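Number of protein chains: 6
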Amino acid sequence: MRALLIGRFQPLHRGHLEVIRKIRADRPSAPVLIGVGSAEQSYTWENPFTAGERLEMIGRALAEAMVEGTLLVPIEDINRHALWVGYLEALLPTFDRVYTNNPLTRLLFEREGYLVESPPLFDRDRFEGARIREQLAEGSGWKDAVPPSVAAYLEEIGAPARLHVLKQAGSRFGRGLS
Amino acid sequence: MRALLIGRFQPLHRGHLEVIRKIRADRPSAPVLIGVGSAEQSYTWENPFTAGERLEMIGRALAEAMVEGTLLVPIEDINRHALWVGYLEALLPTFDRVYTNNPLTRLLFEREGYLVESPPLFDRDRFEGARIREQLAEGSGWKDAVPPSVAAYLEEIGAPARLHVLKQAGSRFGRGLS
Amino acid sequence: MRALLIGRFQPLHRGHLEVIRKIRADRPSAPVLIGVGSAEQSYTWENPFTAGERLEMIGRALAEAMVEGTLLVPIEDINRHALWVGYLEALLPTFDRVYTNNPLTRLLFEREGYLVESPPLFDRDRFEGARIREQLAEGSGWKDAVPPSVAAYLEEIGAPARLHVLKQAGSRFGRGLS
Amino acid sequence: MRALLIGRFQPLHRGHLEVIRKIRADRPSAPVLIGVGSAEQSYTWENPFTAGERLEMIGRALAEAMVEGTLLVPIEDINRHALWVGYLEALLPTFDRVYTNNPLTRLLFEREGYLVESPPLFDRDRFEGARIREQLAEGSGWKDAVPPSVAAYLEEIGAPARLHVLKQAGSRFGRGLS
Amino acid sequence: MRALLIGRFQPLHRGHLEVIRKIRADRPSAPVLIGVGSAEQSYTWENPFTAGERLEMIGRALAEAMVEGTLLVPIEDINRHALWVGYLEALLPTFDRVYTNNPLTRLLFEREGYLVESPPLFDRDRFEGARIREQLAEGSGWKDAVPPSVAAYLEEIGAPARLHVLKQAGSRFGRGLS
Amino acid sequence: MRALLIGRFQPLHRGHLEVIRKIRADRPSAPVLIGVGSAEQSYTWENPFTAGERLEMIGRALAEAMVEGTLLVPIEDINRHALWVGYLEALLPTFDRVYTNNPLTRLLFEREGYLVESPPLFDRDRFEGARIREQLAEGSGWKDAVPPSVAAYLEEIGAPARLHVLKQAGSRFGRGLS
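Residue numbers (numbering that gives the first Met the number 0), protein chains in the order written: chain C, 0 to 177; chain B, 0 to 177; chain S, 0 to 177; chain R, 0 to 177; chain D, 0 to 177; chain W, 0 to 177.
Please note that the accuracy of each hint is not assured.
Said to hold, decoys possible - Only some residues are given here: those of chain W computed to face chain C with a beta carbon under 10 Å: (1) HIS80; (2) ALA81; (3) TRP83; (4) THR104.
To be verified - Simulated restraints on C-beta separations: (5) B:GLU155 x S:GLY140: 48 to 58 Å; (6) W:ALA29 x R:SER117: 31 to 41 Å; (7) W:TYR113 x D:ASP124: 48 to 58 Å; (8) W:ARG110 x D:ASN78: 21 to 31 Å; (9) W:ALA62 x R:GLY112: 26 to 36 Å; (10) W:TYR113 x C:LYS166: 17 to 27 Å; (11) W:ALA62 x R:LYS21: 17 to 27 Å; (12) R:PHE121 x W:SER139: 49 to 59 Å; (13) W:ALA29 x B:GLU111: 22 to 32 Å; (14) D:GLY112 x R:SER117: 27 to 37 Å; (15) W:ALA29 x B:MET0: 38 to 48 Å.
The set of hints was computed from the structure by calculation and includes no laboratory data. Model, not experiment: these values are computed from the prediction. All residues carry an ideal CB built from backbone N, CA and C; glycine is no exception.
My request is simple: use the sequences and hints to build the entire structure.
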């Protein structure tokens with residue numbers, strides 16, 4: 000049956016791609032569901048890219064890496080944690096295994112009887128979303144951390160300038176004059 | 000570039016499949032985005048199946064029909080129509096053409112500069128969601144209206160019994176004693 | 000273990016009281032959870048009384064009838080039916096049996112493994128919420144359909160005048176001039 | 000002190016303008032608060048125009064008629080009627096008198112101690128929102144029902160074509176294929 | 000008339016129980032409304048237990064301590080503070096006195112004319128929610144801070160393991176891979 | 000055409016008034032739209048005053064300063080930044096120029112083709128919302144930072160006492176006992 004992997008992909012980086020490859024290799028006959036979390040968020044420091052932009056970059060990276068057999072689904076946050084697994088069960092096609100390194104995600108899925116595995120993290124010092132967002136805001140160092148097609152796409156949508164602004168704007172957005 | 004087709008797929012029927020095939024044939028080089036509308040709804044007469052069940056049945060039917068090059072995305076309703084196109088632009092990867100027979104959908108997309116086309120409807124007397132839901136509730140006639148893999152899946156999840164109950168329950172659900 | 004009974008109690012009537020009595024008699028050792036549904040609604044034709052007013056009238060009627068061992072909980076509607084049972088499990092103390100005459104409520108709870116029973120309805124021609132709301136709007140006939148303490152409370156809060164207005168106002172409320 | 004008048008202004012018509020003039024004449028020293036209701040709605044048959052379009056047409060009509068001393072505020076619907084007056088008190092500058100012909104609006108404001116008056120309706124057969132929307136959809140008869148500046152604005156934004164589409168689209172919008 | 004006491008009860012501890020006892024003793028003829036706040040929250044560090052679990056533990060503790068005459072109501076947060084008292088008035092049966100040590104709760108209720116009293120806090124160094132949650136996460140020291148029936152219930156639902164996980168997971172939940 | 004200026008005005012201070020004056024002077028023929036942001040917030044440290052109170056104080060200050068040609072509109076926060084400009088376009092009458100010092104506001108509006116200007120800030124050390132809220136909480140120094148009519152209004156509604164309480168209450172509000 001299908002495996003589920005959830006990430007925010009802000010942005011998709013080489014570490015993400017390695018995890019997806021690994022899961023595909025472990026279970027070649029079953030497609031992988033990739034949930035794109037916090038889908039309703041964008042233009043914030045933690046979530047700079049829209050769900051659409053993230054679907055675009057994941058799709059390009061998977062095509063480039065010739066990884067097949069994935070199904071991408073944007074997932075909005077719900078803030079009622081006790082309902083989260085039920086919410087995913089209603090939103091997604093069936094799955095029987097969950098890959099996560101988050102201990103609470105593990106707890107919530109195990110409570111409902113799912114098998115939970117921890118995917119290996121690849122070169123975590125380099126491939127970590129928060130670090131790459133910092134590098135984008137500073138304008139250097141980020142290109143090696145993402146697949147070439149994602150690097151090109153991030154240039155195309157002006158990601159370095161966007162992150163630079165988001166870092167400055169901080170939490171003051173939407174307030175106008177103060 | 001990509002085309003976008005939006006439907007609720009309650010359930011997916013042969014008419015839907017023909018439209019998807021036609022769009023794929025017209026634009027073989029571009030993948031088709033299939034938006035699964037009213038994704039937050041389920042267990043109502045108008046929307047009996049969850050988004051996950053609908054992704055499941057669409058996926059099975061496309062595999063059976065060997066249609067490739069589609070990307071399925073659940074879309075929740077927003078009730079601010081003036082924001083609807085902007086909402087889809089943020090949720091979906093880029094697209095430049097929209098297939099719809101709904102005049103308001105056409106109006107809203109044309110207002111934002113999109114090309115809108117009307118897909119041909121196939122044998123509308125037989126292949127229409129509301130009619131198939133009636134047939135499911137009555138227990139006969141629905142199997143020929145959906146692809147074989149969807150017929151099997153609808154049996155598997157007890158769809159006829161569910162529709163029978165939903166027809167009885169009407170709008171009184173959630174009220175308990177009255 | 001506990002039984003759960005859900006109603007809107009718009010208003011509480013003699014039929015409701017008989018059902019509660021019956022459930023208490025069947026299972027004397029276990030308290031009964033009474034869910035007060037559509038709790039966020041008020042001042043509409045279908046839901047004229049606030050959750051607070053309904054808790055007040057149920058409390059007075061149970062005291063008057065010397066029914067003990069109940070726990071009242073207001074329940075807001077959620078419009079994602081697939082999550083409804085999970086929502087109640089998170090909101091309520093544990094229960095193992097559900098009393099309902101609504102076929103969809105039955106379906107949703109049975110899907111999750113609950114025992115569901117149909118409570119007998121008492122003199123349904125007289126004791127039915129919609130009928131009593133009509134009688135309140137017309138100003139006569141309603142007093143015999145509710146327990147004495149509820150009749151007194153409904154007078155106290157001006158229920159007949161409120162229902163009279165709600166019947167006139169129909170769905171036009173909130174629109175001001177048109 | 001200030002008077003409050005609430006309407007949806009879909010669209011603003013001559014009857015609305017007369018009511019505003021009358022209230023200004025009755026209380027020349029106090030400005031009038033004009034609440035533009037259902038502000039979040041647009042592109043529906045009942046609410047075809049956005050809040051912004053309605054503010055625009057009201058502003059133009061008041062300038063044309065040289066009515067001064069008004070303050071326009073968009074008001075979103077909240078569906079908890081028991082909180083509605085409290086919601087308006089938090090949203091609006093202070094007011095002490097309410098003009099409405101809706102009996103529920105009257106009930107809710109009187110419950111909180113406000114003076115409520117019923118404004119006279121002017122030539123209700125001709126000046127009524129639903130009727131003018133029908134005329135817009137049919138393409139004739141509507142121009143005499145609205146002030147000249149509003150007629151020009153409605154032409155400018157293509158209102159007749161929009162209403163024609165909204166009448167066809169009915170409640171099927173957002174569903175795409177069915 | 001009734002008194003209202005609001006708490007989050009994450010978890011119910013001996014200090015809470017003493018306050019409830021004290022209010023019952025001061026006003027023996029009137030029942031006490033106990034509002035269980037942030038009812039929609041669970042599985043977070045600040046709000047680890049669902050509303051249902053909190054109703055369960057409060058119910059057990061009151062039965063054990065033979066405290067009668069209480070009415071428990073879950074209360075969801077609303078983030079429009081100006082509407083908060085109106086929201087409670089619509090949700091709860093009538094009350095005329097509020098017990099709170101929070102200065103803003105006092106301000107909001109006094110603005111609406113309620114009598115507000117500050118309940119004495121019992122041995123605040125030991126009986127404080129945040130401290131007990133830390134002890135649960137560490138696995139020791141918490142048992143003496145809660146009534147015996149609550150200690151048993153917290154063991155039963157695996158509270159120490161849950162708090163241990165919530166402490167680790169921090170605010171990263173729901174984000175999956177990063 | 001119209002200019003748009005967005006602020007939270009918590010409270011309106013002399014710096015705000017100078018900016019409004021400056022924009023009016025630069026473009027005397029066009030009215031200025033003043034958006035009152037975070038309109039749904041009140042009784043928090045960041046947003047102590049309701050939208051209604053802020054409309055009241057802005058209206059008094061503009062009258063006192065004899066500034067005409069403004070249109071005030073309360074604007075609720077939406078947390079989907081990608082939709083923010085579209086949301087304002089639907090809520091407000093048309094505008095073609097935006098005044099802001101926030102780099103993200105600039106980015107979002109420029110992305111949609113608007114002209115964005117940075118208004119000069121006046122004596123920022125003295126005229127800054129957060130500083131004036133601190134002064135209100137401490138009870139001194141704030142009167143010189145706001146126009147006389149606003150100072151009088153803030154006294155009238157007990158602003159110093161409110162800010163004093165909000166500073167104490169911190170983020171613990173709504174939680175009752177802990």
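Going through the hints against the structure:
The interface hint given for HIS80 (chain W) is met, as the beta carbon of that residue sits about 4 Å from the closest beta carbon of chain C, less than 10 Å. Evaluation of the ALA81 (chain W) hint against chain C yields a held restraint, the C-beta minimum of about 5 Å falling below 10 Å. The restraint placing TRP83 (chain W) at the interface with chain C holds, with a minimum CB-CB distance near 7 Å, inside the 10 Å limit. Hint status for THR104 (chain W): holds, given a least beta-carbon distance of 7 Å to chain C, under 10 Å.
Between GLU155 (chain B) and GLY140 (chain S) the beta carbons are some 51 Å apart, a value that agrees with the proposed interval 48 to 58 Å. The hint said 31 to 41 Å for the Cβ distance between ALA29 (chain W) and SER117 (chain R), and at roughly 38 Å that hint holds. In this structure the supplied range 48 to 58 Å holds for TYR113 (chain W) paired with ASP124 (chain D), their Cβ-Cβ distance being about 57 Å. For the hinted restraint 21 to 31 Å between ARG110 (chain W) and ASN78 (chain D), the CB-CB distance of approximately 29 Å keeps it satisfied.
At about 27 Å, the beta-carbon gap between ALA62 (chain W) and GLY112 (chain R) stays in the expected band of 26 to 36 Å. Checked against the hint of 17 to 27 Å, the pair TYR113 (chain W) and LYS166 (chain C) passes, with Cβ atoms roughly 23 Å apart. Evaluation of the 17 to 27 Å hint for ALA62 (chain W) and LYS21 (chain R) yields a pass: the beta carbon distance comes to about 24 Å. For PHE121 (chain R) paired with SER139 (chain W), a C-beta distance near 55 Å keeps the hint of 49 to 59 Å intact.
As the Cβ distance of ALA29 (chain W) to GLU111 (chain B) is approximately 27 Å, the hint placing it in 22 to 32 Å holds. Checking the proposed 27 to 37 Å range against GLY112 (chain D) and SER117 (chain R) shows it holds: the Cβ atoms sit about 30 Å from each other. A beta carbon spacing of about 39 Å between ALA29 (chain W) and MET0 (chain B) agrees with the range 38 to 48 Å that was offered as a hint.
The earlier numbered hints are all upheld by this structure, with none contradicted.
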